[in-house]
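With these hints in hand, go ahead and build the complete structure from the sequences.
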Amino acid sequence: MAVTVETLEKLERKITLSLPVTTIQSEVDARLKRLARTVKMDGFRPGKVPMSVVAQRYGYSVQYEVLNDKVGEAFAQAANEANLRVAGQPRITEKDGAPEGQVSFDAVFEVFPEVKIGDLSEAEVEKVSAEVTEVAIDKTVDILRKQRRSFAQRAQGAPAEDGDRVTVDFEGKIDGEPFQGGKAEDFQFLVGEGQMLKEFEDAVRGMKSGESKTFPLAFPEDYHGKDVAGKTADFLVTVKKIEAAHLPEVNEQLAKSLGIADGTVEGLRADIKKNLEREVKFRLLARNKAAVMDALVSKAELDLPNASVQAEVARLLESARADLKQRGIKDADKAEIPDDIFRPQAERRVRLGLVVAELVRANELQAKPEQLKAHVDELAASYEKPEDVIRWYFSDRQRLAEVEAVVVENNVTDFVLGRAKVTEKAVSFDELMGQQA
Numbered sequence: 001m002a003v004t005v006e007t008l009e010k011l012e013r014k015i016t017l018s019l020p021v022t023t024i025q026s027e028v029d030a031r032l033k034r035l036a037r038t039v040k041m042d043g044f045r046p047g048k049v050p051m052s053v054v055a056q057r058y059g060y061s062v063q064y065e066v067l068n069d070k071v072g073e074a075f076a077q078a079a080n081e082a083n084l085r086v087a088g089q090p091r092i093t094e095k096d097g098a099p100e101g102q103v104s105f106d107a108v109f110e111v112f113p114e115v116k117i118g119d120l121s122e123a124e125v126e127k128v129s130a131e132v133t134e135v136a137i138d139k140t141v142d143i144l145r146k147q148r149r150s151f152a153q154r155a156q157g158a159p160a161e162d163g164d165r166v167t168v169d170f171e172g173k174i175d176g177e178p179f180q181g182g183k184a185e186d187f188q189f190l191v192g193e194g195q196m197l198k199e200f201e202d203a204v205r206g207m208k209s210g211e212s213k214t215f216p217l218a219f220p221e222d223y224h225g226k227d228v229a230g231k232t233a234d235f236l237v238t239v240k241k242i243e244a245a246h247l248p249e250v251n252e253q254l255a256k257s258l259g260i261a262d263g264t265v266e267g268l269r270a271d272i273k274k275n276l277e278r279e280v281k282f283r284l285l286a287r288n289k290a291a292v293m294d295a296l297v298s299k300a301e302l303d304l305p306n307a308s309v310q311a312e313v314a315r316l317l318e319s320a321r322a323d324l325k326q327r328g329i330k331d332a333d334k335a336e337i338p339d340d341i342f343r344p345q346a347e348r349r350v351r352l353g354l355v356v357a358e359l360v361r362a363n364e365l366q367a368k369p370e371q372l373k374a375h376v377d378e379l380a381a382s383y384e385k386p387e388d389v390i391r392w393y394f395s396d397r398q399r400l401a402e403v404e405a406v407v408v409e410n411n412v413t414d415f416v417l418g419r420a421k422v423t424e425k426a427v428s429f430d431e432l433m434g435q436q437a
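The sequence shown begins at 1 in UniProt numbering and counts up one residue at a time.
Hints were generated in silico from the structure; no laboratory data involved.
It is possible that some hints are incorrect.
What the hints assert, rightly or not - The calculated PhoX-like cross-link candidates involving lysine-lysine, where the alpha carbons are at most 20 Å apart (straight line), are:
#, residue 1, residue 2
1, K127, K289
2, K173, K208
3, K198, K208
4, K183, K241
5, K146, K273
6, K198, K213
7, K226, K173
8, K281, K139
9, K299, K421
10, K274, K256
11, K198, K226
12, K385, K127
13, K274, K139
14, K95, K274
15, K173, K146
16, K95, K14
17, K173, K183
18, K299, K127
19, K183, K231
20, K256, K385
21, K425, K281
22, K213, K173
23, K48, K33
24, K198, K231
25, K281, K127
26, K213, K183
27, K330, K226
28, K116, K299
29, K241, K213
30, K70, K33
31, K70, K14
32, K425, K289
33, K385, K373
34, K240, K183
Computed from a predicted structure; not experimentally measured.
If you want it as structure tokens, here you go:
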């Protein structure tokens, strides 16, 4: 087949396809004959419906199917012969003025771009590092102790302190009127742990059991309750019970309760350090990978195929609707969400995907079997039965494909870091984990 490709603009191309009418008609006839063997119609026995009746009833739909199939096959063959990497689906329209005995179509489509990646030795990347300190281990031990704390009622007359669990009744009013969600009885919260707004905690802190207090509370402008956001309410709160927290001692009993094999405090701290180091490794990898991808995109030149961007916008939109539905939003699938808000993210994803794919192709950075195995082993190591997790990954092609994508990204990250201008920066454990010191 002689293929003529016309460039319309940037990545847009056009191919004219011509098909013999006899080819289409013979396929239509063949399909109608097959259909006649099984079709059922009133007044006729199965398989005995006259061809003229079958053609009258089903001829149009069968001809439509045949045209779609034949044009699709012709387009795929033409694109293959012209060595075109087609992005998205072509827009196919019938063309007037076809030669006698032929039917012609114009196929307008986009192709994937040529990706030019600049000199990576000129790319600047900040690579961060962090260590698991004894302080970080101490904080984790404290978190584990808090998760296993018990509470005992304070003596009568003792004031509420940070860390105490208080049981209160409260009612809030705005301009003298109650509001939804502003009243509760026997409500429990921990003082000083941010479970309530600061003004509420400040009011309760220092109160005694049986005491009541009225205080103003200004709801933030971005408060999740839209009816009260930005407004000030007057609250009446009564403390009914104050319980002091008791944290378990850091000893062999705590270690055993946490499943430490040797039941020692040293074993507990070693186990915590191992888990924190694994988490630090993954977080450092994610952060450094993001920095590499930013540098890689900045060094690449390419046009974006609109079809790919639109497909990515559709995926992001579908994901947003699914998220709204999971949050219990009514008619989330019908929510009006403008496409434009996803376009910058979609464009970046498509750009990054094309750049990474080109770098992988040009430098043979595909995931090797031993890399897949090592990564799955590492993912499984934190589970109680690693062998079950390993089988779970390798038993499903989709799950393994997700692991493969991560390994490829890691290969790209290492490749770029080995060539770029890298600045090393040590960050604290708290900064890496997003905690406050």
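Structure-based check of each hint:
1. K127 with K289: Holds, at about 9 Å.
2. K173 with K208: The hint is violated at about 23 Å.
3. K198 with K208: holds, 18 Å
4. K183 with K241: holds, 18 Å
5. K146 with K273: holds, 18 Å
6. K198 with K213: Holds - the C-alpha atoms of K213 and K198 are around 16 Å apart, at most 20 Å.
7. K226 with K173: Holds: K226 and K173 sit about 15 Å apart, inside 20 Å.
8. K281 with K139: holds, 19 Å
9. K299 with K421: It holds: about 13 Å lies between the C-alpha atoms, which stays within 20 Å.
10. K274 with K256: holds, 17 Å
11. K198 with K226: holds, 19 Å
12. K385 with K127: Roughly 34 Å between the alpha carbons, so the hint for K385 and K127 is violated.
13. K274 with K139: holds, 15 Å
14. K95 with K274: Violated, at about 68 Å.
15. K173 with K146: violated, 34 Å
16. K95 with K14: holds, 12 Å
17. K173 with K183: holds, 9 Å
18. K299 with K127: holds, 18 Å
19. K183 with K231: Measuring from Cα to Cα gives roughly 16 Å; hence the hint holds.
20. K256 with K385: holds, 19 Å
21. K425 with K281: Satisfied, since the Cα-Cα distance of roughly 15 Å is no more than 20 Å.
22. K213 with K173: Holds, at roughly 14 Å.
23. K48 with K33: Distance of about 11 Å is within 20 Å: holds.
24. K198 with K231: holds, 15 Å
25. K281 with K127: Holds, because 13 Å separates the two Cα atoms, which is no more than 20 Å.
26. K213 with K183: Holds. K213 to K183 sits at ~15 Å (cutoff 20 Å).
27. K330 with K226: Judged against 20 Å, a Cα distance of about 17 Å means the pair holds.
28. K116 with K299: holds, 8 Å
29. K241 with K213: Holds - the C-alpha atoms of K213 and K241 are around 15 Å apart, at most 20 Å.
30. K70 with K33: holds, 18 Å
31. K70 with K14: holds, 18 Å
32. K425 with K289: Roughly 15 Å separates the two Cα atoms, so the pair holds.
33. K385 with K373: holds, 16 Å
34. K240 with K183: Holds, because 15 Å separates the two Cα atoms, which is no more than 20 Å.
Violated hints for the displayed structure, listed by number in ascending order: 2, 12, 14 and 15.
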